[in-house]
Amino acid sequence: MKPWIDRTILVRQAEEFVKRHGFFLRTHAKRISGLVEVAVYNSIVSYYETPGYSLNALHLGPKKSFVYRIKSSGLITGFSCFEAVEKTTGEKVLILQNVKVQSAHDNHLYYTPDVVVCGSTGAITETQKNGRRHSYVSHNGMFTFVEVKHLIPTPECLFSFSGLVLEFAPDFIAGNVPTIQSGGHLAPTLVFTGVPSEHSERIAASLRHRYGINIVCSTQTTDGRIASFKELSKYRRSQPSAPPPPCDPPSGR
Amino acid sequence: MNSTPNLDDQSVIVALTNGVGAHLGKRARSSFFELARRLPRVRAFTDLDMDAKQQIVDILALSAFYSTVVFPLESGTAFLAVAEKAGASHVRIGKDRLTAQFGAKMRLCISNFHSMLQTAQVPLALLSFATLADFVRSVITVAQERENEALDRQNDSGAPSGRVR
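Quick mapping for you: the protein sequence lines, in order, are chains U and Z. Per the working numbering: the first sequence ends with 253, consecutive numbering throughout. Per the working numbering: the second sequence ends with 1165, consecutive numbering throughout.
One thing to keep in mind: the hints can contain errors.
Between beta-carbon pairs, the in silico distance windows are [unchecked claim]:
hint, chain 1, residue 1, chain 2, residue 2, range
1, Z, Leu1151, U, Ser72, 57 to 67 Å
2, U, Tyr110, Z, Gln1101, 36 to 46 Å
3, Z, Arg1153, U, Ile180, 17 to 27 Å
4, Z, Lys1085, U, Arg12, 33 to 43 Å
5, Z, Glu1145, U, Asp106, 46 to 56 Å
6, Z, Ala1125, U, Glu91, 49 to 59 Å
7, Z, Ser1089, U, Arg237, 33 to 43 Å
Everything labelled a hint here was simulated from the structure, so no lab data went into it. Backbone N, C-alpha and C define an ideal beta-carbon position, used for all residues, glycine too.
Bound conformation, chain Z alone (with noise of 0.2 Å):
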């Protein structure tokens, strides 16, 4: 299935999903593997070396598990907490009901999955986009970014102190 030839197109979608349950997991792969099936067409992403390829891979299967599973969780903490400050004391939707110690469980597995974001060092504004070229392009800016401050690190840690002897 790796609709981007010589790239791996398994292994994180595989890491994040396998242990979730085909319910939520099935959406996530769907949607990962559809995306993928489209990036070479995305003209900023053929023009990018293997290794850059494979992080934008990479970003995109971390998006689709973000907007099938966590994405989920996140609005319904947030309604919760909505509810909660107009009076509610839970919110009850047909037979279901979302009550707050459903609300810290969702919390905490929001929370852990921000955390495991941060660890790899990838920003949470680029799992949402409106087009692939979006998503391509701003991938490639925050690498750009990068790079350019850790040449800005590099020439202030190289020039003369302004100190005078």
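For reference, chain U alone in the conformation it holds in the complex (with noise of 0.2 Å):
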């Protein structure tokens, strides 16, 4: 391999890049590291963001304004989201933030991951028994969902995003989802801010192949998104399959 690179010029125009630009940098560098969580959710809607999709944006609030869910309580119509609808059959998908998700083997058991993609029918306020509404998205009309960590991807937190797949997208992991190359939606993603190690990156690829889904670290951000969507794993969504039956409450003895 013969170099190309001119280490005195690269070096120079590193100098003058941060003489020009160290003082914003500086000044803004709180919130410019916390655009990582709208990175995921961007590219969310990117992928979103293709001839066949036109995007609506929903529940917008004063002044116009896109108001970004940060936490999870709250219910959806308070906080501003994107809705995607596919050109030729209609079919709306809402890509929320820090939405509730339903177990898909027990439906009061819920989860909060930062990105959830569902259909027009999946978001739900219901009021419970105590008289107080919340909002959820419904473990049959969940598309797919996103979890950011603000991590090294460890082995640990490799290993447990499968149980939290297992808990509410099962068909991954009972392999009855073929993953595609081009179109539908994309599968359970996980997202590290961090670099991974040798080991980290075996067991990525592992689970990655084993199950369909998608393991993104920072070293592939690209173009203002977490990945290629080249790269990533998608699925056709088939039709609903029957809600699992309800699981008897643990006895108490």
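Hints given; two lone chains; assemble the complex.
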């Protein structure tokens, strides 16, 4: 391999860049690193920003602001989200942030992923027995979910994600979902903002191969997206399966 | 902290992070040194000569800076653009506001980073990779492509013209 970059030019260019933008980067450092959360949501929104879909912003706030949901409390209608409408079939896809999803095994168990993609009928707001309303995404209506970890990808985190997939999208673990190269929806995705070790890379590759899920690390970021969409697993959604039989609550003994 | 003996793993990352503040600088540096530490374990890397290794270390520094500093800016501007296209005036994230004015500043920073890469002749595609082995392989491929192109140009200029006297 013959090197082609002049190091002196590269270092000089880097110093000039910092001289020009150092103040901006210094003063907005926390704000900039906080945009990583937005990056994941933006990636999922831009996945549907194709000629086949049209995007609409729903529930805009005061002065037409897009109110990004950063906490799990509150109703779906209290925060903004994007709706992607398939132009030919009219199928609507909601892309939500920090909304609870229902377990595939027990209707009373929930978990809040960072991003959830669901059908228009999947987002439900119900009144609970105590009179308070709560919003969640039903198991049958959920298309995919994305979990973000501001960590280096440790084996523990990687393996525990398959537990989440087992609970909320068990068809992937059962091997009932054939993955495809293009079209369809993204498979459940785990995003790390840290750099993987060699062992973690091997675990991630194995889990991806076994279950068809996506595991993305910070080094894969490109063009404002968490990874190139070509590299991510997708699947075509079949008709929703029948809800699982309700679980008996554990006995008090 | 030289993780790759006899190689300069400081100049580029220091030039990029010295002046961007501790918050972003520390992240970029730790991400770079973590990856640089593991470079000698990549087979394709160990087979290279010193100059080639140095080039790979330098591009790795650019990659670490890109993923920790430039990427959030890119996604921020992209999201702002999508939101504006859908009718929103700005984006509110908690107490923070992502406005068109802030978007313009981010865009300027991104475009200067891209022109820096262009001047230094570093393809943007090299900065994103799934594994370190993939990264080393892509740099070697780009280097080979450039060598071949240079050879083709040399052959074209040295070849006799097709004209018949």
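- Unsatisfied constraints (hint numbers, rising): 3, 6
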